[in-house]
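**Q** Chain by chain, the residues run as shown.
2 protein chains.
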Amino acid sequence: MSDIYVIGHKAPDTDTVCSAIVYAGIKGYKPATAGPINEETEFALKQFGVPAPEVLENASGKTLVLVDHNEPGQRVDGAEKILAIIDHHKMNFNYPDPIFIHVEPVGSTATVIAKMFPNEVKANKAYAGLLLSAILSDTVIFKSPTTTEEDKKIAQELAQVAGISDITKFGVDLKKAKASIKGKPVADVVHVDFKDYDFKGKKVGIGQTEVVDIEEVYERKDEFVNYLNELKNSKGYDMVIFMATDIIKEGTELYYVGNAAIIEKAFNVKVSGPSVWLPGVMSRKKQVAPPVEKVYLEG
Amino acid sequence: MSDIYVIGHKAPDTDTVCSAIVYAGIKGYKPATAGPINEETEFALKQFGVPAPEVLENASGKTLVLVDHNEPGQRVDGAEKILAIIDHHKMNFNYPDPIFIHVEPVGSTATVIAKMFPNEVKANKAYAGLLLSAILSDTVIFKSPTTTEEDKKIAQELAQVAGISDITKFGVDLKKAKASIKGKPVADVVHVDFKDYDFKGKKVGIGQTEVVDIEEVYERKDEFVNYLNELKNSKGYDMVIFMATDIIKEGTELYYVGNAAIIEKAFNVKVSGPSVWLPGVMSRKKQVAPPVEKVYLEG
Chain A
1 MSDIYVIGHK APDTDTVCSA IVYAGIKGYK PATAGPINEE TEFALKQFGV PAPEVLENAS
61 GKTLVLVDHN EPGQRVDGAE KILAIIDHHK MNFNYPDPIF IHVEPVGSTA TVIAKMFPNE
121 VKANKAYAGL LLSAILSDTV IFKSPTTTEE DKKIAQELAQ VAGISDITKF GVDLKKAKAS
181 IKGKPVADVV HVDFKDYDFK GKKVGIGQTE VVDIEEVYER KDEFVNYLNE LKNSKGYDMV
241 IFMATDIIKE GTELYYVGNA AIIEKAFNVK VSGPSVWLPG VMSRKKQVAP PVEKVYLEG
Chain B
1 MSDIYVIGHK APDTDTVCSA IVYAGIKGYK PATAGPINEE TEFALKQFGV PAPEVLENAS
61 GKTLVLVDHN EPGQRVDGAE KILAIIDHHK MNFNYPDPIF IHVEPVGSTA TVIAKMFPNE
121 VKANKAYAGL LLSAILSDTV IFKSPTTTEE DKKIAQELAQ VAGISDITKF GVDLKKAKAS
181 IKGKPVADVV HVDFKDYDFK GKKVGIGQTE VVDIEEVYER KDEFVNYLNE LKNSKGYDMV
241 IFMATDIIKE GTELYYVGNA AIIEKAFNVK VSGPSVWLPG VMSRKKQVAP PVEKVYLEG
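Chains A and B, in that order, are what the protein sequence lines are. Throughout the first sequence, residue numbering follows my numbering, covering 1 to 299 in sequence. Throughout the second sequence, residue numbering follows my numbering, covering 1 to 299 in sequence.
Don't take each hint at face value.
Simulated crosslink set (BS3-like; lysine-lysine; CA at most 27 Å straight-line) [claimed, not checked]:
id	chain 1	residue 1	chain 2	residue 2
1	B	81	A	200
2	A	143	B	200
3	B	115	A	115
4	A	285	B	81
5	B	81	A	81
6	A	285	A	200
7	A	81	B	90
8	B	153	A	27
9	A	62	B	286
10	B	294	A	62
11	A	153	B	115
12	A	90	B	115
13	A	62	B	285
14	A	115	B	90
15	B	200	A	27
Bear in mind the hints are in silico, worked out from the structure with no lab data behind them. All values derive from a computational prediction rather than experimental measurement.
Looking at chain A on its own, in the form it has when it is part of the complex:
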């Protein structure tokens, strides 16, 4: 078997893991993940009878195909020899040799792979099911503003092959698999998807969790606010934001610690406590980080 590994980014999500499995399968490479898989991905793998890939926390000496990421900071430790990149993110990549790179501005890497290998994917129910899961996950069941018409069209085709008759129901079941925060420590919930930003020299942290029942978050409001305060004070943040995004109601309860005026300006709202409901806001990348950065740059 080939000694080439196909691997996604650190803190693996469903798109990164399923894209690695399918691309590796089609090319005869080995799939791997840069860390343990989450409950949502586990649900998808189980649904289509596919085993979890090898966890590769250090890739020294290995030849890698990177899927679903390209920036150095998101790579598995020890990544050196890169053979190819398949992705849907912005590019921040510098490499001494010409290599194969294919990036499309669509909602998920799975969409890119389904377009690259239409015949292989149509002939394999499990591949179609995994890619469908990845598209639904990354586009938040087509509700994320990153969704394109191509993602929807490809998902329809994949659902047919995978034998999924109700795409939305399948998407909600998939999301539910990791959406409940019951019994999870707040630190884990805040950090499952957390990014640091530098806004005009100030450190701002923004975490996000998707939930299917926002009440679970409301019940633990004080816990979240206390934890965000602790984080801000101990790690030198100017502001810490936590997005509890309800994918059914399509909106975000945004918790924050820091200067309330920044939140009011960024989202054109009045706030009267440590959180505010922002209807329609689903994406950190497109709807939260840019307006907050804008206030910092203007201020």
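Following the hints, put chain B in place on chain A, whose structure we already have.
**A** Leaving out everything else, chain B in the frame of chain A:
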């Protein structure tokens, strides 16, 4: 008509210009070049009855598709909004939005485009002829070490569509169109394709010209050596190299000013004057810059 321009790198060559024309034609965009085209490209355009594209020396405010390059330093002035990249070079690209990027490690961008649009290219004799010209130019009629089996295979297919029965003869005619240095000032010949390198803090310049008759270079040896000395002294180079590459004999007469011991070590030869014949050496990128850099790093 679309307001999107497809454009290649500065100091345009045949691959960059023909790739821009064909990609623009297929996509309904406008072809452009970042500077005047050279005699070789002119020959190819004439051969297939295609007009030269618009010269766009400043692209401010335009939306661009970049072909045959991606690094910021090689871009047309004023390039800001980039929609897509089609290339065969190493990647050094950082952009804030996800965009379409397709790069393959083959001998020319023309090969990449022929693979992306097989039907469109097969249906258009001029497109096939331009892409064939670009492949022959960039791979030095398949003699460059950057040539892949795919370049050769695609070139055969394109030649059939373009009505070229003798590929090698066509390639030599193409190369001859700009290869003669008769009547050209030495400074122009040395600078038509000249790159500066930083080797362990020392500035090294390497120029290259392809010729079909090395005697033309030998006749003007003193002129070249005097000019290289002048360049070294006036611009702070530690070494200046000029490659006169004979594409028929398949080798390079390498002129240099600087420490002869570096040349001897780099190419494992004895030198007894300002130049040395290196059989089989065709590529600055693969066969000259790396061994010279190695000596600097070791020294």
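**Q** Run every hint past the structure and note whether it holds.
**A** Here is how each hint holds up against the structure:
{"no.": "1", "hint": "B:81 to A:200", "verdict": "holds (23 Å)"}
{"no.": "2", "hint": "A:143 to B:200", "verdict": "violated (52 Å)"}
{"no.": "3", "hint": "B:115 to A:115", "verdict": "holds (15 Å)"}
{"no.": "4", "hint": "A:285 to B:81", "verdict": "holds (20 Å)"}
{"no.": "5", "hint": "B:81 to A:81", "verdict": "violated (31 Å)"}
{"no.": "6", "hint": "A:285 to A:200", "verdict": "holds (17 Å)"}
{"no.": "7", "hint": "A:81 to B:90", "verdict": "holds (14 Å)"}
{"no.": "8", "hint": "B:153 to A:27", "verdict": "holds (22 Å)"}
{"no.": "9", "hint": "A:62 to B:286", "verdict": "holds (24 Å)"}
{"no.": "10", "hint": "B:294 to A:62", "verdict": "holds (25 Å)"}
{"no.": "11", "hint": "A:153 to B:115", "verdict": "holds (24 Å)"}
{"no.": "12", "hint": "A:90 to B:115", "verdict": "holds (24 Å)"}
{"no.": "13", "hint": "A:62 to B:285", "verdict": "holds (26 Å)"}
{"no.": "14", "hint": "A:115 to B:90", "verdict": "holds (24 Å)"}
{"no.": "15", "hint": "B:200 to A:27", "verdict": "violated (40 Å)"}
Going down the numbered hints, you'll see the structure goes against 2, 5, 15, while the others check out.
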